[in-house]
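Peer 1: Residue numbers (the numbering used here), protein chains in the order written: chain A, 4 to 293; chain G, 4 to 293; chain F, 4 to 293; chain Y, 4 to 293.
Careful: at least some of the hints might be erroneous.
For identical chains, the list gives no copy identity; a pair is met inside one copy or between any two copies.
[Unchecked claim] Subject to a maximum C-alpha distance of 20 Å in a straight line, what follows is the list of computed SDA-like cross-link-like pairs (lysine to any residue):
id	residue 1	residue 2
1	Lys-14	Leu-253
2	Lys-274	Glu-111
3	Lys-14	Asp-124
4	Lys-287	Glu-34
5	Lys-274	Pro-227
Read the hints as simulated data drawn from the structure, not as lab findings.
The structure displayed is predicted, hence computed values, not measured ones.
Number of protein chains: 4
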Amino acid sequence: MIYGITGNTQKEQLWKPVGELIRWMARQGLEVRLHPDVARGLVARGLLSDDEAAALTAHDLAAEVDLLLSFGGDGTLLQSAHLAGRRGTPVLGVNIGRMGFLADVEVEQVREAIRTIEAGDYHLEARMVLEAELEDGPVPELPWALNEFVIDRSGLAGLITIDVTVDGVSLTRYWADGLIFSTPTGSTAYSLSAGGPIVSPECEVVILTPIAPHTLTLRPIVLPASVEIEARVYTGGQPYVLAADGRSQLIHREGQRITIRRAEHTVNLVKLPGQHYFQTLRSKLMWGVR
Amino acid sequence: MIYGITGNTQKEQLWKPVGELIRWMARQGLEVRLHPDVARGLVARGLLSDDEAAALTAHDLAAEVDLLLSFGGDGTLLQSAHLAGRRGTPVLGVNIGRMGFLADVEVEQVREAIRTIEAGDYHLEARMVLEAELEDGPVPELPWALNEFVIDRSGLAGLITIDVTVDGVSLTRYWADGLIFSTPTGSTAYSLSAGGPIVSPECEVVILTPIAPHTLTLRPIVLPASVEIEARVYTGGQPYVLAADGRSQLIHREGQRITIRRAEHTVNLVKLPGQHYFQTLRSKLMWGVR
Amino acid sequence: MIYGITGNTQKEQLWKPVGELIRWMARQGLEVRLHPDVARGLVARGLLSDDEAAALTAHDLAAEVDLLLSFGGDGTLLQSAHLAGRRGTPVLGVNIGRMGFLADVEVEQVREAIRTIEAGDYHLEARMVLEAELEDGPVPELPWALNEFVIDRSGLAGLITIDVTVDGVSLTRYWADGLIFSTPTGSTAYSLSAGGPIVSPECEVVILTPIAPHTLTLRPIVLPASVEIEARVYTGGQPYVLAADGRSQLIHREGQRITIRRAEHTVNLVKLPGQHYFQTLRSKLMWGVR
Amino acid sequence: MIYGITGNTQKEQLWKPVGELIRWMARQGLEVRLHPDVARGLVARGLLSDDEAAALTAHDLAAEVDLLLSFGGDGTLLQSAHLAGRRGTPVLGVNIGRMGFLADVEVEQVREAIRTIEAGDYHLEARMVLEAELEDGPVPELPWALNEFVIDRSGLAGLITIDVTVDGVSLTRYWADGLIFSTPTGSTAYSLSAGGPIVSPECEVVILTPIAPHTLTLRPIVLPASVEIEARVYTGGQPYVLAADGRSQLIHREGQRITIRRAEHTVNLVKLPGQHYFQTLRSKLMWGVR
C-alpha cells in the first residue's frame, strides 16, 4: 500500500504532524508520496531535506498511490476527493481543527489508523456523487460534486426563478435565493442550513432544498438517485452562480439547460472500525444533545 | 377482472355515484362485489334491491376481487389498503371531496378509469409499508402502516423521552411530544406537518420526524428502508400512544422495545396514464403555487 | 426583607442546601418563612427541629414574605409564580439541576445573591402574563399563565380545528395538533419546540404558534400584547386539552369561546447584576454555539 | 388635498388607468401633480398633452402634495415610501398586478378610494422604519428601510461571520449566508422566506432572521424596537452586501461597525375602511388556506 499525503497548506498546524508522520512511516517501511505543495511547505520549514522532497514528491498524486491521507477539515477533504477524481482513489480524512463529518480521524490517531489499515481492518464507503452539465458545454470549474451543486443568485441581484423538471416531468418553479441539489453526504452541509433533512449516506437519493423560497409551501424534496434533473434559471438579465462543493462560477446565459444526474464514479472514503455516522452527527451537530 | 367496491359510508355523496356505477358495470358485463357496509347502505337508500345485494355482497372482499375501488379520501384509502392487507390486492382510490394524495381519480372519471383498466392501460405502484412489533407481543390494532407509525405522548402527559437505535447502533435520544416513523408515501401526511421533507414514493427510505422536539438540533433524518429500528419510550409512569395510519392505541408498559422495520408486503396502488406525483404535489399542497 | 422558601420537594438535592441556608440566614439575622411542604421535608430529614418548623412555617407564604426563593428548575419556578399569584410577590429562581431560563441563580451562589439583594443591588423584571376564560366559566385549574396556554388534541383524537379571531376580526382557521398562545417569557419553552421565534422578554407581544399544522403556510404570528383573542375548537365530538404552564385539563364542550388576553398582573422576577437574557440563551439553548 | 401620482413606469398596464384617473380628477376638481417620469410616459403615449404635462409635473413631488398615490406592487410602494422620505407624506398603494401587502387598493377601485379619502373616511398607519449607519459614514444608497436591512455574502463568497451586540451586550455570532434586520412591515417579505415569524405591524419590535445559518440552534429572535444593534461582518477579505429594501451595495471594509436602530420618522400608509391586515395575510400568503 502506497500512501499519498495532501492537506490544507494554509493551516500552520499541518506541518509538524505531517513531518513526524513521514519519519515514522519511513521507519515502519511504509511507502509515501507527497503532494507538491505539501513537499514544498515541509522543505520551507526545515522538516524535509531537498533530497527527500525530490524522492517523495508525486507528479500525479492520486495516480501514484493506493490511498490518500487528507489532512485538514471537510473543505480539504472535498478538495482531496476532487484530486482523487474519477479514478476513485480511497481517501482518509485526518482532521486538524474542529471535528468534521468527512475528516473523522483525529491527527493524534493517524499512526494507529495506518496500523489498522495495514492490518486490513477497514472498509471503503462508496459515496454517491452528482455531475452537472450546461447546455453550453461542460461545467468548467468542477463538473461533479460530492456534497452539492448550488444555483444561487449573485449577491447584488434579487430573487431568481428556477424551473425544474425531473425525468422530463415538470416538478415546480422555484422563486428563491437559490436551490441546492445535495447528495446524502452533502445533507449535513449547506442543505441542512437551508432547512433540508439529514440523510444517511447509504440512501440512494438526491435532495432538492430551496434557499429562502418566496413561497411558503416549497419544502425540501427527496428524489431517487436515478433521476435526471433539468433546471433553467431566469434572472432578468443578471448572471447567476453555479457552485460545486463550494467552488463558485458565474453563469451568464440565463434560460439555458443545466442537467444534473448521478455520476458513474463514487468517492471512496476509508472507514475504520468504531467510526459511526450517528456518532459523528451527535458530536458534530450536537444533534440531540441537551 | 373482478372489481370490489368499498368506501367511506359516512359520506352521503358516496351513494349515488356508487349506485350508478354498479348499474353501468352490469350493463358493461363487468363483475363487481360490494363491501357489506356498502351493500347495506345502498339497500337502505333504495339504490339496490335485497336480491341484488345478496348476489353482490362479498364475505371477504379483498380475497374475492382482483382490484379494489376505494371511494373516499386518503383516510378511506388507508382503510382500503388495510382491507387488502398482506394479500396485496390492487387498490384504486376514487376521490369524493377534496383531492387526495392517494385517492387521485375523481368520482366523475371513474367509468373512464375502468375502461382504461379493462384496456390494460395501467400500472401498479408497489408502495413500501412499515411493520411494528412490541416487546410484549404484536401490535393489536394495526401491525403495519402505509403512511406512518407515530409514538406520541397522550394528551394530558408532558414530554416523553424516546431512545432510538438503528441496526443496533444508538441513534439519539428524542425529548419531544412524539416521533413519526414515516414511509415515503406518508411523507406528505403527518410527517410534513411536523417539518419533515417530501419524499417521492420510489425512494427506498424511512423518515424519522420528531414532533415539537425540545432540542433545537433534532432535525428530521432519512434512513435506508433496510434498517431495523428499535425505540424505547419513557414517560415517568404515564401511558403513551402508538398510532398506525391514524389509528391510535395506548401502550401502558414504558421502556419496552418497539421494533419497526419494512414489511415484506407492499400496498399496490393502481395508477393510470397521466397521473403524476408531482402534479398531485402542486394541486394538493399548493406546492410552489404563488 | 422577609424571605420565603419554596421548592421542588421531589428532588433529593433540595434538602441539604436549603437546610444550610436557613442556618446561615439565622446567623445573619435574616428573616425566613418556609412553605409547609419544605418545612415537613426538612423535619423528616432531621435538618430542622419540630419547634423550628413550627416557628418558620408560613400559612400563606406569598402573603407573608417580601421575596420568594424558588429552589428547582423552570417548572418549579412556574409553580412558585402561581403561588405568588396576582399579589406579585417577587420571585428569585435558584437552580438545582440543569440551568434554566427562569431559575438562573445557581444553588452555590444563593448566599451571595441574598447579600446582593440585601445591599439593594437588584431589580425586578415585570413579566407579562396571559389569562384565559371559557365561555362556560373560569378556567378551573390555572386561569393565567406565565409561559403559555396550549389548546391541544387529546392523545387518541385526530387533528382539531381552531377558529381564531383577534379583536373581533377573523385571523384564520388552524387545522393542527394544537395551538400555543405564548408570552415572550414562554417563547423559549414549548413555542420554540413547535417552531416559534425567540422573543426577548421586554417585547409587548403574544405569539401564536401552531403545533404540526396540516397547512404548510401557517407560520407563527406575533401580535401586540393588547389584543383580545377568541378561539373556538372543533373536534368532532372528542374532548380536547387546555393547558396553562404545563398543567392540563380536558374541555368537553367543543365550539365554546375561549378568550385569551393579557392579565392585569405581572410575575416579578428578581434579577441580579450580571445576569443577562442573551447569556442565558447561549448557555441554555446552545444558541449560536458551534 | 393635493394628490401626487407616481408608479412603476416599467409596467405597460400603468398608463391607461393613470391617464383616465387624471381626466376624472380634473372633472371632479381635484388637484393632482405627477412624477416627472409618469408625466413623460403619458405624453409619449399621447395620453397627456405637452401643456398639461408642463402644468402638472412636480419638481419635488413629495413636498408638493398631501398624499402620494403609488401605482405598482410592493416594490413600487417601497420606492414611493423612499420618495416620501423623512417628510412622512402619506402613501396609498394602488395595486397593478398581483395583490401586494402594501399596495392593497386595486386599480379598479382607485376612484372609490379617492372619494372615500375626500370624505375623510381613512386613517394613517404609521409604520416603523429602521435606519443604518456605517462606522465609515452614512449608508450611501438607502440610509433607512421600511421592510428590512440585509447583510449578505456576495454571490461568489462563502459563509460570513456576523458578530451582533444589542445595546452594548453581546447577542451571538452568526455564521451564515446573511442576516436580516426586519421591521414588522418587512416580516412578510424576505424575513418570512428565511424562516422568520409573521409580525403584525402594530408590534414595536425588530426581527433578526439568519439566512441559512450553519448552526442549527440559531432561530429568529424578536427584540424591542427601542434597541440599538451593532453588527460587525468578517468575510476573510471579500466584500459583502448591505441591502436596504432590496437595494444592494457592496461594503469593502470588513469588521467595521454597522449600527441599526429605529428611525425617528415613520412611513405613513393610507388605510381605508374594510382593509384588514389578516385578510391580506390570507389572500396574499394563502395563509391558512387549504
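Peer 1: Of the numbered hints stated previously, which ones are contradicted by the structure, given in increasing order?
Peer 2: 1, 3, 4
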